[in-house]
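Heads up: the protein sequence lines correspond to chains A and B, in order. Numbering that gives the first Met the number 0 applies: residue 0 is where the first sequence begins, and numbers increase by one. Numbering that gives the first Met the number 0 applies: residue 0 is where the second sequence begins, and numbers increase by one.
These are computed hints drawn from the structure, not numbers from a lab. Glycine included, every Cβ here is placed at the ideal spot set by N, Cα and C. Careful: at least some of the hints might be erroneous.
[Claimed, not checked] Heads up, simulated SDA-like pairs for lysine to any residue below, C-alpha to C-alpha not over 25 Å straight-line:
hint	chain 1	residue 1	chain 2	residue 2
1	B	LYS157	A	LYS7
2	B	LYS157	A	GLU199
3	B	LYS7	B	ALA57
4	A	LYS7	B	LYS7
5	B	LYS113	A	ASN212
6	B	LYS157	A	GLU200
[Said to hold, decoys possible] Incomplete in silico selection of chain B near chain A, CB under 10 Å:
hint	residue
7	HIS12
8	PHE13
9	SER56
10	ASP63
11	ILE67
12	THR68
13	LEU107
14	ASP109
15	SER112
16	LYS113
17	GLN232
[Stated by the list, open to error] Here are some chain A residues pointing at chain B (derived, C-beta under 8 Å):
hint	residue
18	ASP158
19	VAL193
20	TYR207
21	ASP208
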Amino acid sequence: MRDASPAKTYALHIGVIALLFVLNFVLPDYHQGLFARIMALAVLAMGYNLLFGYVGLLSLGHAMFFSAGLYGAGLTVYHLGWNVPEAFIAGVACGALLALVIGLLALRTSGVAFMIVTMMFAQVFYLLILYFAAWTGGDQRLVVQQASRTLNLGGASLDLTNPTVRYMSALALFSVVLFITLAIVRSRFGRVLVAIRENEERTKMLGYDTLANKLAAVVVSGAICAASGAAYALLFGYVGSSFASVQYSILPLLWVLLGGAATTLGPLIGTLFMYYVTDITSGFTSAYLLIVGIALILLVLFFPMGILGSIRQRWLGWLP
Amino acid sequence: MMPLLTTKGLSRHFGGLRAVDGVDFALMPGEIRAIIGPNGAGKTTFVSLLSGRIRPSAGMIVFDGADITGMPAYQRVRLGVAYTFQITSVFANLTAFDNVALPVQRTLTDGRSKGQLRGAVMAALERTGLSDRAGTLAAHLSYGHQRLLEVAMGLALKPRLLILDEPTQGLADSEIDNFIALVREIAKSATVLLIEHNMPVVMQLADRITVFNSGRILAEGTPEQIRANTEVQDAYLGATHG
Numbered sequence: 000m001r002d003a004s005p006a007k008t009y010a011l012h013i014g015v016i017a018l019l020f021v022l023n024f025v026l027p028d029y030h031q032g033l034f035a036r037i038m039a040l041a042v043l044a045m046g047y048n049l050l051f052g053y054v055g056l057l058s059l060g061h062a063m064f065f066s067a068g069l070y071g072a073g074l075t076v077y078h079l080g081w082n083v084p085e086a087f088i089a090g091v092a093c094g095a096l097l098a099l100v101i102g103l104l105a106l107r108t109s110g111v112a113f114m115i116v117t118m119m120f121a122q123v124f125y126l127l128i129l130y131f132a133a134w135t136g137g138d139q140r141l142v143v144q145q146a147s148r149t150l151n152l153g154g155a156s157l158d159l160t161n162p163t164v165r166y167m168s169a170l171a172l173f174s175v176v177l178f179i180t181l182a183i184v185r186s187r188f189g190r191v192l193v194a195i196r197e198n199e200e201r202t203k204m205l206g207y208d209t210l211a212n213k214l215a216a217v218v219v220s221g222a223i224c225a226a227s228g229a230a231y232a233l234l235f236g237y238v239g240s241s242f243a244s245v246q247y248s249i250l251p252l253l254w255v256l257l258g259g260a261a262t263t264l265g266p267l268i269g270t271l272f273m274y275y276v277t278d279i280t281s282g283f284t285s286a287y288l289l290i291v292g293i294a295l296i297l298l299v300l301f302f303p304m305g306i307l308g309s310i311r312q313r314w315l316g317w318l319p
Numbered sequence: 000m001m002p003l004l005t006t007k008g009l010s011r012h013f014g015g016l017r018a019v020d021g022v023d024f025a026l027m028p029g030e031i032r033a034i035i036g037p038n039g040a041g042k043t044t045f046v047s048l049l050s051g052r053i054r055p056s057a058g059m060i061v062f063d064g065a066d067i068t069g070m071p072a073y074q075r076v077r078l079g080v081a082y083t084f085q086i087t088s089v090f091a092n093l094t095a096f097d098n099v100a101l102p103v104q105r106t107l108t109d110g111r112s113k114g115q116l117r118g119a120v121m122a123a124l125e126r127t128g129l130s131d132r133a134g135t136l137a138a139h140l141s142y143g144h145q146r147l148l149e150v151a152m153g154l155a156l157k158p159r160l161l162i163l164d165e166p167t168q169g170l171a172d173s174e175i176d177n178f179i180a181l182v183r184e185i186a187k188s189a190t191v192l193l194i195e196h197n198m199p200v201v202m203q204l205a206d207r208i209t210v211f212n213s214g215r216i217l218a219e220g221t222p223e224q225i226r227a228n229t230e231v232q233d234a235y236l237g238a239t240h241g
């Protein structure tokens, strides 16, 4: 990891961001909107990847961190009339706090038990959203009005419902999180996380408090996923309980597996791929999920390490 | 001189099995001590208690004057108690560099060493003759090199007490000679406690030998004393090729 030339790595990541920037001006309206959504959700996948790919902890409850951000931002705007930056911070803080509490409880387990415990907590979170329907809207979604979704920056006011502003906001968040993950996995902390994934017992015997490191990873992962949720609420104005359902715990897992676990760019590629396969096939047939399923099976059979993971293994060993 | 490590009435019971049964043990700073004994004598359980990988049922452990009986393993490592595994357990999917960087960055964080990560890692690799393989994945190293990497990791922890659990298992004869030289080198700066089945290695290396049998200490002494001890011969030496 360390021996890879950092210049090449940074050039690649900056290149990807530049490409996404240019796409804003090239893509037709429909795809511009889709890409904005994909970038916001790729952040969820990146947060998930940090825990699943690098620490090796398979959570089935990340929908709760995403929706903690979604509701943390959405409810403060909707009920308290907070501004966009404060609401975004509130969303991220909710996710981080929730992750701290869930982490302290769930990390007492590992393996299959960890999957079940995180899934149960997420289910509790989902049911709580339905139970407090008076505030959350329950199974009806809340729509954050256009007027509340304006970002005031030093006199200039940005309308987040404008497609270009929305695209650029999603890209900004994506870029920041991409470089945060890159910095983490290249750091000493990142090396310890990978060591925990590879052999936790051995890592302890090198003097590391593995529980504290795992807890830190859960909190960072939860905060990133919450940032994705908060951005989603503010950019798309949609705050719905379906995002807290088990489906949104499994989707980031699929995106990460597809793109390549423990690769920094895999989450984006996986999310992009899944979205477009679904989008294209649903244009031809109502049985599009069947085709998506077949595509997934083929990928797992021939690219078990995901798209980017396989590329790294076969050709580009230096990929982070 | 005060012992570096002592145990008093140290016991570990698994159900009805007394794997380690009321052991009083003392280790002087700077010595190389070998623990021998037949299979199932409780040797690995005993060192696991010392390293903190398992908790004792009774008794206490004192390291450098401090009671460490209830201390988690990772904190003992920070005090200077390092343990290398019986089965080679380097991080197979990490490079040799990253394997050694883990213990080095630990001592840097603790303030037990100073300087640059890269320099310290390369120094540890050089000491074990692995510097030209820094970028190689540990999985692609030969078995002998993996064992050396394991030792490099143990050294990089800057241990005051290095516990080696069957370090020569699976090594070729030529590699064993290098290994003995390496342990002697380590012993200049640390106390070494090793479990070893290979009797020639034990006789060459150990200042003193402790013989375990059925979870208790059967005998203790210099290699000559142990060789002459009839009880030990009955329990152990007579039964093997030693």
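Verification of the hints:
1. Taking the CA atoms of LYS157 of chain B and LYS7 of chain A, the gap is near 35 Å; set against the 25 Å cutoff, the hint is violated.
2. The suggested pairing of LYS157 of chain B with GLU199 of chain A holds, with an alpha-carbon distance near 21 Å, which does not exceed 25 Å.
3. Restraint check: the Cα-Cα separation between LYS7 of chain B and ALA57 of chain B comes to about 9 Å, which is no more than 25 Å; the hinted pair holds.
4. Pair hint LYS7 of chain A plus LYS7 of chain B does not hold up; C-alpha atoms about 57 Å apart against a cutoff of 25 Å.
5. Annotation: proposed proximity of LYS113 of chain B to ASN212 of chain A holds, straight-line Cα distance about 23 Å (limit 25 Å).
6. This hinted pair checks out: LYS157 of chain B and GLU200 of chain A have alpha carbons roughly 19 Å apart, not beyond 25 Å.
7. Evaluation of the HIS12 of chain B hint against chain A yields a violated restraint, the C-beta minimum of about 22 Å exceeding 10 Å.
8. Taken as an interface hint, PHE13 of chain B does not check out: its beta carbon lies about 19 Å from the nearest beta carbon of chain A, beyond 10 Å.
9. Interface restraint check: SER56 of chain B against chain A, minimum CB-CB distance 21 Å, threshold 10 Å, status violated.
10. Evaluation of the ASP63 of chain B hint against chain A yields a violated restraint, the C-beta minimum of about 16 Å exceeding 10 Å.
11. Interface hint at ILE67 of chain B: violated, since its Cβ lies 14 Å from the closest Cβ of chain A, which is beyond the 10 Å cut-off.
12. For THR68 of chain B, the interface hint is violated, since its Cβ never comes within 10 Å of a Cβ in chain A; the closest pair sits about 18 Å apart.
13. Taking 10 Å as the C-beta contact cut-off toward chain A, the hint placing LEU107 of chain B at the interface holds, the least distance being around 8 Å.
14. Contact between ASP109 of chain B and chain A, as hinted, is supported at the beta carbon level, the nearest pair being about 7 Å apart and thus within 10 Å.
15. For SER112 of chain B, the shortest C-beta to C-beta distance to chain A is roughly 12 Å, which exceeds 10 Å, and the interface hint is violated.
16. Hint status for LYS113 of chain B relative to chain A: violated, with the closest Cβ pair at about 15 Å, above 10 Å.
17. Because the beta carbon of GLN232 of chain B sits about 35 Å from the nearest beta carbon in chain A, more than 10 Å, this interface hint is broken.
18. Proximity of ASP158 of chain A to chain B is violated relative to the hint, the smallest CB-CB distance being about 47 Å (cut-off 8 Å).
19. For VAL193 of chain A, the interface hint holds, the least distance from its beta-carbon to any beta-carbon of chain B being 7 Å, beneath 8 Å.
20. This hint holds: TYR207 of chain A has a C-beta 6 Å from the nearest C-beta of chain B, less than the 8 Å allowed.
21. Interface hint at ASP208 of chain A: satisfied, since its Cβ lies 5 Å from the closest Cβ of chain B, which is below the 8 Å cut-off.
Of the hints listed earlier, those the structure fails to meet are numbers 1, 4, 7, 8, 9, 10, 11, 12, 15, 16, 17 and 18, in rising order.
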